[in-house]
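As you go down the protein sequences, you meet chains A and Z in turn.
Under my numbering, the letters of the first sequence match residues 1 to 114, in that order.
Under my numbering, the letters of the second sequence match residues 115 to 228, in that order.
Since the hints were derived computationally from the structure, they do not count as laboratory data.
Any given hint could be a false lead.
[To be verified] Here are a few chain A residues that face chain Z, going by a calculated C-beta distance under 10 Å:
1) Gly96
2) Ser98
3) Leu102
[Unchecked claim] Some chain A residues judged to face chain Z by a derived CB distance under 7 Å, without partners named:
4) Thr20
5) Asn99
6) Tyr100
[Claimed, not checked] With beta-carbon atoms standing in for the labels, derived distance ranges:
7) A:Ala1 <-> Z:Pro153: 22 to 30 Å
8) Z:Asn144 <-> A:Leu47: 16 to 24 Å
9) A:Gln57 <-> Z:Thr226: 43 to 51 Å
10) A:Glu52 <-> Z:Asn142: 33 to 41 Å
Quick caveat, the model's predicted, so the values are computed rather than measured.
We treat Cβ as the ideally placed atom computed from N, Cα and C, and that holds for glycine.
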Amino acid sequence: AQTVTQSQPEMSVQEAETVTLSCTYDTSENNYYLFWYKQPPSRQMILVIRQEAYKQQNATENRFSVNFQKAAKSFSLKISDSQLGDTAMYFCASSGGSNYKLTFGKGTLLTVNP
Amino acid sequence: NAGVTQTPKFQVLKTGQSMTLQCAQDMNHNSMYWYRQDPGMGLRLIYYSASEGTTDKGEVPNGYNVSRLNKREFSLRLESAAPSQTSVYFCASRLAGTDYNEQFFGPGTRLTVL
Numbered sequence: 001a002q003t004v005t006q007s008q009p010e011m012s013v014q015e016a017e018t019v020t021l022s023c024t025y026d027t028s029e030n031n032y033y034l035f036w037y038k039q040p041p042s043r044q045m046i047l048v049i050r051q052e053a054y055k056q057q058n059a060t061e062n063r064f065s066v067n068f069q070k071a072a073k074s075f076s077l078k079i080s081d082s083q084l085g086d087t088a089m090y091f092c093a094s095s096g097g098s099n100y101k102l103t104f105g106k107g108t109l110l111t112v113n114p
Numbered sequence: 115n116a117g118v119t120q121t122p123k124f125q126v127l128k129t130g131q132s133m134t135l136q137c138a139q140d141m142n143h144n145s146m147y148w149y150r151q152d153p154g155m156g157l158r159l160i161y162y163s164a165s166e167g168t169t170d171k172g173e174v175p176n177g178y179n180v181s182r183l184n185k186r187e188f189s190l191r192l193e194s195a196a197p198s199q200t201s202v203y204f205c206a207s208r209l210a211g212t213d214y215n216e217q218f219f220g221p222g223t224r225l226t227v228l
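The following block holds chain Z by itself, in its conformation from the complex:
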């Protein structure tokens, strides 16, 4: 039981390049989330998927797209990377209806855009 996994762990991009961050969970959770963490800002929600087939914008969605490929996988795509997207990205998942509605986090991806 790996929990929430993210790939890659580190990535360096040049301005204008595109890439996809991958996230998968093996806990049969319904909901999945993407957050970004910037110095001094805490974590902020980019997009979320309440269930398979649905996605919604969070607090900071500009410059990103997401795909809920199936129940297990939720990817985040940067179509044209900008230096402002340099950040640490976290994926999380939640099983709806449980006590506390707790979210479980992946290990994060450190992305640098030059």
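In isolation and in its complexed conformation, chain A is listed as follows:
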């Protein structure tokens, strides 16, 4: 079984600043993947960044990067140079096992203020 915990229901940041969203997880799988999804008001689920558990190097995608601490089972998302368009709900998720079902956290609502 997998569990994903996001301890920050809401966060806010000023435009152009940096913000970090926290996520911890638990899994019994040896091979698993971790994801951050963004959900803007349009409701569409948009993949932001992904990480394979066996890769030690932290994933980066432009202004988005993760801090993956495998031993601590932590997977935080850092957003640099925050933009107004980053305002959204962010979900941390893990997948693994034979069918790679996704398990989601409850989400963090991020507001970027001008």
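With chain A's structure known, arrange chain Z on it following the hints.
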């Protein structure tokens, strides 16, 4: 290439009515999934289909049935709708064996049961 499509986008039902949510993908993916999203709960897996001809229960299957009609289509049926099934429903698909085993999401269906 439309990706994952869902119909309808919105639906209002009365308690006891039945309906089918449709999902189709044109990416030749093997696996398909149905999730529901409730406020403050993140997304939870209802049913999934690892491949054409197979379906399995997820975390919250009660009150639902599914059909994997062919490789492209995966429908979710509510036989007797209840107010507790008011939610946003997402369909997703995955191509097995690819890097990250990433899931691609449809735009969602907002269902209200009165």
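Right, here's what the structure says about each hint:
| no. | hint | in the structure |
| --- | --- | --- |
| 1 | Gly96 | holds, 9 Å |
| 2 | Ser98 | holds, 8 Å |
| 3 | Leu102 | holds, 6 Å |
| 4 | Thr20 | violated, 19 Å |
| 5 | Asn99 | holds, 5 Å |
| 6 | Tyr100 | holds, 4 Å |
| 7 | A:Ala1 <-> Z:Pro153: 22 to 30 Å | holds, 24 Å |
| 8 | Z:Asn144 <-> A:Leu47: 16 to 24 Å | holds, 19 Å |
| 9 | A:Gln57 <-> Z:Thr226: 43 to 51 Å | holds, 45 Å |
| 10 | A:Glu52 <-> Z:Asn142: 33 to 41 Å | violated, 23 Å |
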